[in-house]
Every structure is written in C-alpha cells, then in structure tokens.
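For chain A, the structure is supplied; the task is to place chain B on it using the hints.
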Amino acid sequence: MGGLDLSFFSFDIISKFVLKGLYFSTELTIGSTIGGIVLGTLLALMRLSSSKTLSWIAVVYVNGMRSIPLVMVILWFFLLMPTLIGHSIGAETSAFITFIAFEAAFFSEIMRAGIQSISKGQVMAAQALGMTYAQNMKLVVLPQAFRNMLPVLLTQTIVLFQDTSLVYAIGAYDLLKGFVTAGKIYGRPEEAYLLATIVYFVICFSLSTWVKRIQARISIIR
Amino acid sequence: MSWDWQVFLNDDGSGRTYLEWIIQAWGWTLSVAACAWVLSVSIGFVVGTLRTFTKYSLAVMVGNIWVEVFRNIPILVQVFLWYFVLPTIFTSMQQWSGFVLVVLALGFFTSSRIAEQVKAGINALPKGQGMAALAMGLTPLQSYRYVILPMALRIILPPLTSESMNLLKNSSVAFAVSIPELTMFAMQAQEETSRGIEIYLAVTMLYAVSAFAVNRLMAALERHLQIPGTSSGNSKGTNGPGANANNTNTLPSIGGGH
Numbered sequence: 002m003g004g005l006d007l008s009f010f011s012f013d014i015i016s017k018f019v020l021k022g023l024y025f026s027t028e029l030t031i032g033s034t035i036g037g038i039v040l041g042t043l044l045a046l047m048r049l050s051s052s053k054t055l056s057w058i059a060v061v062y063v064n065g066m067r068s069i070p071l072v073m074v075i076l077w078f079f080l081l082m083p084t085l086i087g088h089s090i091g092a093e094t095s096a097f098i099t100f101i102a103f104e105a106a107f108f109s110e111i112m113r114a115g116i117q118s119i120s121k122g123q124v125m126a127a128q129a130l131g132m133t134y135a136q137n138m139k140l141v142v143l144p145q146a147f148r149n150m151l152p153v154l155l156t157q158t159i160v161l162f163q164d165t166s167l168v169y170a171i172g173a174y175d176l177l178k179g180f181v182t183a184g185k186i187y188g189r190p191e192e193a194y195l196l197a198t199i200v201y202f203v204i205c206f207s208l209s210t211w212v213k214r215i216q217a218r219i220s221i222i223r
Numbered sequence: 038m039s040w041d042w043q044v045f046l047n048d049d050g051s052g053r054t055y056l057e058w059i060i061q062a063w064g065w066t067l068s069v070a071a072c073a074w075v076l077s078v079s080i081g082f083v084v085g086t087l088r089t090f091t092k093y094s095l096a097v098m099v100g101n102i103w104v105e106v107f108r109n110i111p112i113l114v115q116v117f118l119w120y121f122v123l124p125t126i127f128t129s130m131q132q133w134s135g136f137v138l139v140v141l142a143l144g145f146f147t148s149s150r151i152a153e154q155v156k157a158g159i160n161a162l163p164k165g166q167g168m169a170a171l172a173m174g175l176t177p178l179q180s181y182r183y184v185i186l187p188m189a190l191r192i193i194l195p196p197l198t199s200e201s202m203n204l205l206k207n208s209s210v211a212f213a214v215s216i217p218e219l220t221m222f223a224m225q226a227q228e229e230t231s232r233g234i235e236i237y238l239a240v241t242m243l244y245a246v247s248a249f250a251v252n253r254l255m256a257a258l259e260r261h262l263q264i265p266g267t268s269s270g271n272s273k274g275t276n277g278p279g280a281n282a283n284n285t286n287t288l289p290s291i292g293g294g295h
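Quick note, the sequences are listed as chains A and B, same order. So the first sequence is numbered by the working numbering: it starts at 2 and just counts up by one. So the second sequence is numbered by the working numbering: it starts at 38 and just counts up by one.
Extracted from the complex, chain A is given alone in its bound form (with noise of 0.2 Å):
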C-alpha cells in the first residue's frame, strides 16, 4: 500500500498506549450501559406512571436529548459540571456522567417498547394477586421486558462503544486517543488512524455476529 507502513507498530507501542484506552473505552461502555439501563427503566416507568407530570418530564427530558447531538451533550456537561459541582473534574469523569445520561433516553425508549410488549394481562392478573406496584413491575413486567428486550439492549450496548469514542471532543483518553497519541509520538497518523479502524471494526463485528446469535436462540425460545 502506497505510503503506509505498518512495521513500526510493535507490541510495546500497543501495551504503552492502546491498551490504557481500550480499557477506559469498556469501562465507559460497561458503566453507562448499566447506568444508562436503570436510569432509562425509570424514564420509562416515569413515562409510561399515570401522572401526567412525571410523565412530561420524562417525555421532555427523553425527546429532548433525542434531538441533540452528542458530541454537544458532551460538550455541555463538561462546560457545566465544573460549575454545578463547584470544582473540575477530568474529562473521563464527565465523560461517564454524559454517556449515563446520554444513553438513558435511547435506554429508556427501548424499555418503555419492552414493557408495552408485555400483555396487559399480565398486569392485571398480577393485580388480581394482590401486588403492589412494585411487586408487579419487578416480579412480571421489569423481568419479562428486559428479556424480550435483549437483543435491542445488546445492539444499543454496540453502538454505545462506537459512541463512546466521541469523546475525542473533550479530549478524554479512549481507545480512539491511544491510537491518536501513538501516532503522534511516533510520527505516523495515518498508519494509527488505520490500525484503529481495523480494530473498532473487530470488537464491533464480533459482538454484532454474537448478538445475532443471541437473538436466534431467544427467539427459539418464544
């Protein structure tokens, strides 16, 4: 390939650089994904109460960073957090508050989705039991929605991580940066900025065949 040389890229670059990235990039995607799940099955439940203001506030708060970019959502919490929290904080940690509050809203449109999959039926045989609200979502609907769920869950958990490299933004160290910094210090962008196509493509296509396969098995099971 004309002007590209791979060569320099030893295992002792990767391990200085790539590997400090790759690690705060899972840790990102891990984090806000659990984050961003119960946050969003609140959201949902907020959204699906029947009170009409917990309702519109999650309707507003949902929609509202549907329709932002998330490159500015980054951008806004890491301008803002220093002066609603009083003192700064690193780019990684606003990074992990953007992505929980971030991906909550996609989370959260996914679980609202699951639990009306779930018949009303249900519901109100539960009720018939005799259980409470709480009861009911977590022993019949929470258990069920998440499940039926799964697939969207894991697809949303795929495009989180190549989200997560947005954060290039504010300039925090992910898998993206270690890339970018190796490059820079060695003298040669392009070959980095390759080798990281290369392996966001890997981790990406890996999980999206094994979610696939997920998905066949569940929907055996139904």
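None of these hints come from the bench; they were simulated from the model. Wrong hints could be hidden among the right ones.
These stretches of chain A come out as covered by chain B in the derived footprint (C-beta under 8 Å, 3 or more residues) [to be verified]:
| # | stretch |
| --- | --- |
| 1 | 76-87 |
| 2 | 197-204 |
Computed list of chain A residues with no C-beta within reach of chain B, every gap over 12 Å [as the list claims (entries may be wrong)]:
| # | residue |
| --- | --- |
| 3 | Ser8 |
| 4 | Asp13 |
| 5 | Ser166 |
| 6 | Ala217 |
Straight-line Cα separation of at most 27 Å, DSS-like style, residue types lysine-lysine; simulated pairs [unchecked claim]:
| # | chain 1 | residue 1 | chain 2 | residue 2 |
| --- | --- | --- | --- | --- |
| 7 | A | Lys53 | A | Lys139 |
| 8 | A | Lys213 | B | Lys92 |
| 9 | B | Lys92 | B | Lys164 |
| 10 | A | Lys185 | A | Lys17 |
| 11 | A | Lys213 | B | Lys164 |
| 12 | A | Lys121 | A | Lys53 |
Even glycine gets a Cβ: it sits at the ideal position worked out from N, Cα and C.
Only chain B this time, still in chain A's reference frame:
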C-alpha cells in the same frame, strides 16, 4: 451568573460578528447533512436492493459486506479514515476538499443503515406483489423499479425519517477535521468569548430546530407519497423502539389504588 447575549454582536477578530459566524456555521452543517443525505439514500437503496437478490449470492455478499463494514466502525473513526488514511493510499484524493471527504464519510456510514431499512422494507412486502409484476410481463428490473421499490419506500419512510435526523446530528463529527460547522463554531467561540452557555444554547437550539425541520419535511414527503386507500405505512416495516412513538397508551391503571 447573568446572561450576555450581546456576545453575538461582538467582532470575532476577522471583521464578522459571532452572529454572522454562527449562521455561516449553520449553513455548513445543513450543506454537509444535505449532501450526505442524497448520497446515503442513493447508495442505501442500491445496496439494500442488492441484498434482496437472493438468486445472486455474489450480490447479496457484496451488499452484506458493505453494510457490515460501514456499520461496525465508529463514524468519527471513519471520518479520520477518509480524511487522513485514504489520501495517503490514493494520492489523487489529496486534492479533494475536506467538505467532500466528510460528506463521503457520513454518506457511506449512513448508507449502511438505510440499506438495512430498505432490505427490511422490501422483505416486508407480500411476495405476491413481485410475482404479480413478473406475471404481467415486467422484467425483474422493471418489477423493482415500478412495483417493489415504490412500495418499499413508503414502508420505510418512518425509520428513514429518524435516520435522516440522526444524519443531521452525526454531521457534528465534522468538527474533528475542522469543517467550520456548528459544533466547531461552538468549541471555538466558547474558547474565544468565554460565554460558553450562550454559545452552546444557540448552537443546541439550531440543531433542535434543524432536526425538527427534517422531521416535518419527511412527514410532508410521507403525506405527498401516500397512496389513497392504503395505510400510511406506520404499522408495518417499522422497527426499533422509536417506531411506535405515536403509541402512547399507558399500562392499565397501574400504580393506582394500592
């Protein structure tokens, strides 16, 4: 903390006000998104159609590879790939402007998602439609052109609407290669003026307004294309959680009376 909206009337040092600058930036965002939209819809329809030619395994394979490659690489990484890596390999690309490269990156990225929708839309049609077209003497190509694709287009309009809004939002990654669009403006003006909140609010409003405009445009297109007597395509072919946004029925009296 007090507002200072007059910051938009300040000179940015090159003889234009921040107000003029943000409007130019808005223009960049809209042009990047519009060009990438045309590209992604064109490629998306071709690739999505290819993937339904089940008799030709090569066509299906090419389509599948296209979708997997462009869907499984983060958009920001793809922008870097187009901007830095490909011009090193293909030196003639070095003359292309950053605008063209970003449009290609966004267009190809989005085309993989649209191809997926097109394929789902075609597969959602009853098989009889294609067969009836063939029975009437249309060639396979004609049956796609006059029967299958027009129907599939109407089925996928709702998910295509949200993908178009995604494209507009994704255009913000162009900041990474210094296209002077809204996000780039936000970052630079925030630094220069230290009036981050006012700047970010204005930029966020412009994004929201643009996304809403895209939504209304697509709704108008949907009305315009609707065939009298058929459903508006809202019920079938829509996938993903956002598809049932109109369905706001709540759970039966849950939470009440306990």
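Outcome of the hint check:
no.: 1; hint: 76-87; verdict: holds (count 5)
no.: 2; hint: 197-204; verdict: holds (count 4)
no.: 3; hint: Ser8; verdict: holds, 15 Å
no.: 4; hint: Asp13; verdict: holds, 23 Å
no.: 5; hint: Ser166; verdict: violated, 4 Å
no.: 6; hint: Ala217; verdict: holds, 16 Å
no.: 7; hint: A:Lys53 - A:Lys139; verdict: holds, 22 Å
no.: 8; hint: A:Lys213 - B:Lys92; verdict: holds, 23 Å
no.: 9; hint: B:Lys92 - B:Lys164; verdict: holds, 15 Å
no.: 10; hint: A:Lys185 - A:Lys17; verdict: holds, 14 Å
no.: 11; hint: A:Lys213 - B:Lys164; verdict: holds, 25 Å
no.: 12; hint: A:Lys121 - A:Lys53; verdict: holds, 20 Å
In terms of the numbered hints stated before, the structure departs from hint 5 and from no other.
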